[in-house]
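J.: Protein chains in written order, with numbering that gives the first Met the number 0: chain A, 0 to 318; chain B, 0 to 318.
Heads up, simulated SDA-like pairs for lysine to any residue below, C-alpha to C-alpha not over 20 Å straight-line:
{"no.": "1", "chain 1": "A", "residue 1": "Lys18", "chain 2": "B", "residue 2": "Ser29"}
{"no.": "2", "chain 1": "A", "residue 1": "Lys114", "chain 2": "B", "residue 2": "Arg271"}
{"no.": "3", "chain 1": "A", "residue 1": "Lys18", "chain 2": "B", "residue 2": "Leu31"}
{"no.": "4", "chain 1": "A", "residue 1": "Lys114", "chain 2": "B", "residue 2": "Glu34"}
{"no.": "5", "chain 1": "B", "residue 1": "Lys23", "chain 2": "A", "residue 2": "Val26"}
{"no.": "6", "chain 1": "A", "residue 1": "Lys114", "chain 2": "B", "residue 2": "Leu35"}
{"no.": "7", "chain 1": "A", "residue 1": "Lys23", "chain 2": "B", "residue 2": "Arg271"}
Simulated from the structure, these hints should not be mistaken for laboratory data.
Number of protein chains: 2
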Amino acid sequence: MLDSIPELRDIILSYNRIKTWTHKTPVMTSSLVNELAGCRVFFKCENFQKTGSFKFRGASNVVLQLPENMSRNGVSTHSSGNHAQALALAANLQGIKSFIVMPENAPDVKRNAVKAYGGNVISCKPGLSSREETLANVTRDTRAFFIHPYNNFDIISGQATSAYEFLCENPSLDSIIAPVGGGGLLSGTCLAAHYLNPRIKVYGAEPAGAPDAFKSLQAGKIIPSEHPNTLADGLLTSLGEKTFPVLRDHLERIILVSDEDIISAMQIIWERMKIIVEPSGAVSFAAMLHERKAFKGSNTGIIISGGNVNISQLPFQTQ
Amino acid sequence: MLDSIPELRDIILSYNRIKTWTHKTPVMTSSLVNELAGCRVFFKCENFQKTGSFKFRGASNVVLQLPENMSRNGVSTHSSGNHAQALALAANLQGIKSFIVMPENAPDVKRNAVKAYGGNVISCKPGLSSREETLANVTRDTRAFFIHPYNNFDIISGQATSAYEFLCENPSLDSIIAPVGGGGLLSGTCLAAHYLNPRIKVYGAEPAGAPDAFKSLQAGKIIPSEHPNTLADGLLTSLGEKTFPVLRDHLERIILVSDEDIISAMQIIWERMKIIVEPSGAVSFAAMLHERKAFKGSNTGIIISGGNVNISQLPFQTQ
Numbered sequence: 000m001l002d003s004i005p006e007l008r009d010i011i012l013s014y015n016r017i018k019t020w021t022h023k024t025p026v027m028t029s030s031l032v033n034e035l036a037g038c039r040v041f042f043k044c045e046n047f048q049k050t051g052s053f054k055f056r057g058a059s060n061v062v063l064q065l066p067e068n069m070s071r072n073g074v075s076t077h078s079s080g081n082h083a084q085a086l087a088l089a090a091n092l093q094g095i096k097s098f099i100v101m102p103e104n105a106p107d108v109k110r111n112a113v114k115a116y117g118g119n120v121i122s123c124k125p126g127l128s129s130r131e132e133t134l135a136n137v138t139r140d141t142r143a144f145f146i147h148p149y150n151n152f153d154i155i156s157g158q159a160t161s162a163y164e165f166l167c168e169n170p171s172l173d174s175i176i177a178p179v180g181g182g183g184l185l186s187g188t189c190l191a192a193h194y195l196n197p198r199i200k201v202y203g204a205e206p207a208g209a210p211d212a213f214k215s216l217q218a219g220k221i222i223p224s225e226h227p228n229t230l231a232d233g234l235l236t237s238l239g240e241k242t243f244p245v246l247r248d249h250l251e252r253i254i255l256v257s258d259e260d261i262i263s264a265m266q267i268i269w270e271r272m273k274i275i276v277e278p279s280g281a282v283s284f285a286a287m288l289h290e291r292k293a294f295k296g297s298n299t300g301i302i303i304s305g306g307n308v309n310i311s312q313l314p315f316q317t318q
Numbered sequence: 000m001l002d003s004i005p006e007l008r009d010i011i012l013s014y015n016r017i018k019t020w021t022h023k024t025p026v027m028t029s030s031l032v033n034e035l036a037g038c039r040v041f042f043k044c045e046n047f048q049k050t051g052s053f054k055f056r057g058a059s060n061v062v063l064q065l066p067e068n069m070s071r072n073g074v075s076t077h078s079s080g081n082h083a084q085a086l087a088l089a090a091n092l093q094g095i096k097s098f099i100v101m102p103e104n105a106p107d108v109k110r111n112a113v114k115a116y117g118g119n120v121i122s123c124k125p126g127l128s129s130r131e132e133t134l135a136n137v138t139r140d141t142r143a144f145f146i147h148p149y150n151n152f153d154i155i156s157g158q159a160t161s162a163y164e165f166l167c168e169n170p171s172l173d174s175i176i177a178p179v180g181g182g183g184l185l186s187g188t189c190l191a192a193h194y195l196n197p198r199i200k201v202y203g204a205e206p207a208g209a210p211d212a213f214k215s216l217q218a219g220k221i222i223p224s225e226h227p228n229t230l231a232d233g234l235l236t237s238l239g240e241k242t243f244p245v246l247r248d249h250l251e252r253i254i255l256v257s258d259e260d261i262i263s264a265m266q267i268i269w270e271r272m273k274i275i276v277e278p279s280g281a282v283s284f285a286a287m288l289h290e291r292k293a294f295k296g297s298n299t300g301i302i303i304s305g306g307n308v309n310i311s312q313l314p315f316q317t318q
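Build out the structure end to end from the sequences listed, making use of the hints.
T.: If you want it as structure tokens, here you go:
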């Protein structure tokens with residue numbers, strides 16, 4: 000397991016470790032979208048990854064490295080989102096138990112998805128302190144191995160395999176945009192791009208209603224997320240001390256987008272590309288459209304982070 | 000232009016004629032869907048075809064064959080659906096005008112799509128007689144070349160290229176299911192499968208609320224569609240005298256499915272595959288699920304015919 004920022008060889012090792020368990024996700028393009036965007040847009044479709052998001056890469060990368068004496072009591076985490084499903088399946092595929100702490104107000108559809116992937120769901124009261132306390136109790140009682148959703152170098156290295164695959168298939172990309180919540184995907188993207196082609200600019204895309212990463216990079220230190228307010232529910236968390244320095248050193252900058260921009264980008268992807276992305280998964284394309292001029296005429300890579308959305312509760316206006 | 004049922008060489012010629020203008024659509028699979036279905040399911044994704052449906056294949060196949068003296072006054076058709084958009088773009092890409100007769104109560108979203116692809120929309124009163132009368136007037140006034148949505152051997156040969164591509168990529172298919180409205184796609188699928196591997200069984204999938212093809216094959220003659228009632232709005236039309244004999248001679252049989260089955264199949268495809276299919280595009284998968292036993296353990300090909308759906312008016316129950 001890594002105890003420092005992943006090197007290129009670590010990312011390649013991660014890629015080779017997980018590749019028989021993960022999907023090589025497709026890169027999609029659309030001439031209509033290119034016209035609309037004023038550049039050539041390449042969508043790396045992690046919504047087609049197993050469990051519907053890139054999170055399965057990082058979770059698999061950790062689970063597949065655990066020696067028997069660390070995995071025999073299972074793995075644990077707290078998450079109400081895509082990391083929960085990803086860890087449940089990654090563990091289950093290796094015959095490892097998983098204990099997932101979820102707030103009691105999490106939607107049934109998410110709780111059931113974790114259970115369907117073989118996870119044990121433990122409910123807690125909403126709020127970070129209850130989540131952490133419950134997790135500490137669960138981890139103490141079960142002796143499960145705790146796997147943080149993003150503040151973990153092996154998670155970062157696993158998420159970096161998305162950009163690694165992307166750039167191996169599309170070496171002509173001028174820039175890549177990825178969404179930022181805790182920074183696992185974005186820091187991995189920064190590292191893969193930096194190692195494979197340092198001329199590629201990597202941008203973060205963040206909801207204006209949860210701008211803690213933007214503020215953190217401005218301040219030069221981690222500013223925690225406070226009262227985030229956005230429908231991009233995968234991007235509410237704060238940066239960690241393992242992801243922040245990577246962004247500080249390698250990120251071009253962060254582009255903030257409104258929820259209206261996110262819905263509009265999501266609608267274009269649904270209608271034009273005919274693929275399902277969740278709001279958090281549309282944020283990077285929203286950022287590209289918001290700063291059209293900066294990307295004009297270039298080859299722009301967009302990481303679509305996930306596609307887990309409740310299709311009976313959509314943000315599109317009913318006509 | 001063909002004046003009889005397409006031979007294998009005609010389908011190959013069609014494929015080579017259109018292939019630089021059309022997408023080679025991907026074949027997608029999902030281990031979760033396979034578990035659910037009890038067989039290996041291969042989805043041929045015509046929702047990713049240009050204009051969002053297989054109709055672009057047939058329309059392109061006709062437009063690309065028109066000599067200058069037949070195309071100089073444009074092309075015409077009546078359609079409120081996918082053939083309208085397909086013909087508008089296929090013509091536009093060759094610098095040919097198109098005149099599309101649409102009922103005045105067609106949704107704005109469909110009218111605007113045809114216009115966006117460069118088509119001229121002519122409104123008529125709802126109902127077949129008004130459609131045909133308006134089309135006759137338009138064709139007389141403009142001298143445009145009329146292209147029927149399905150009762151045309153070159154359209155059939157163009158639609159056959161979907162199954163041709165499908166079988167070239169997946170020769171191990173035991174069966175293929177395609178939806179049936181007027182029968183252009185289904186008869187083309189029957190022909191391609193018959194020529195490439197006569198052991199493959201081809202099934203038609205039809206909404207129980209519009210069962211005219213089912214009745215026609217039972218009766219041994221074309222029974223027109225009367226008062227169809229289904230949300231699969233691409234499958235309301237009657238068979239034509241050019242499509243019926245192909246189905247009579249080569250189709251295994253037709254599987255009828257309820258609208259509830261269609262919505263449920265559509266929801267599985269959206270949630271599990273993360274791709275957008277329209278109700279008519281989900282009918283073939285609904286048929287497979289409805290007759291699970293018949294396909295158990297086999298390699299089943301499902302043609303997803305299209306993905307043009309108004310995402311602000313979805314049939315999924317709001318939670």
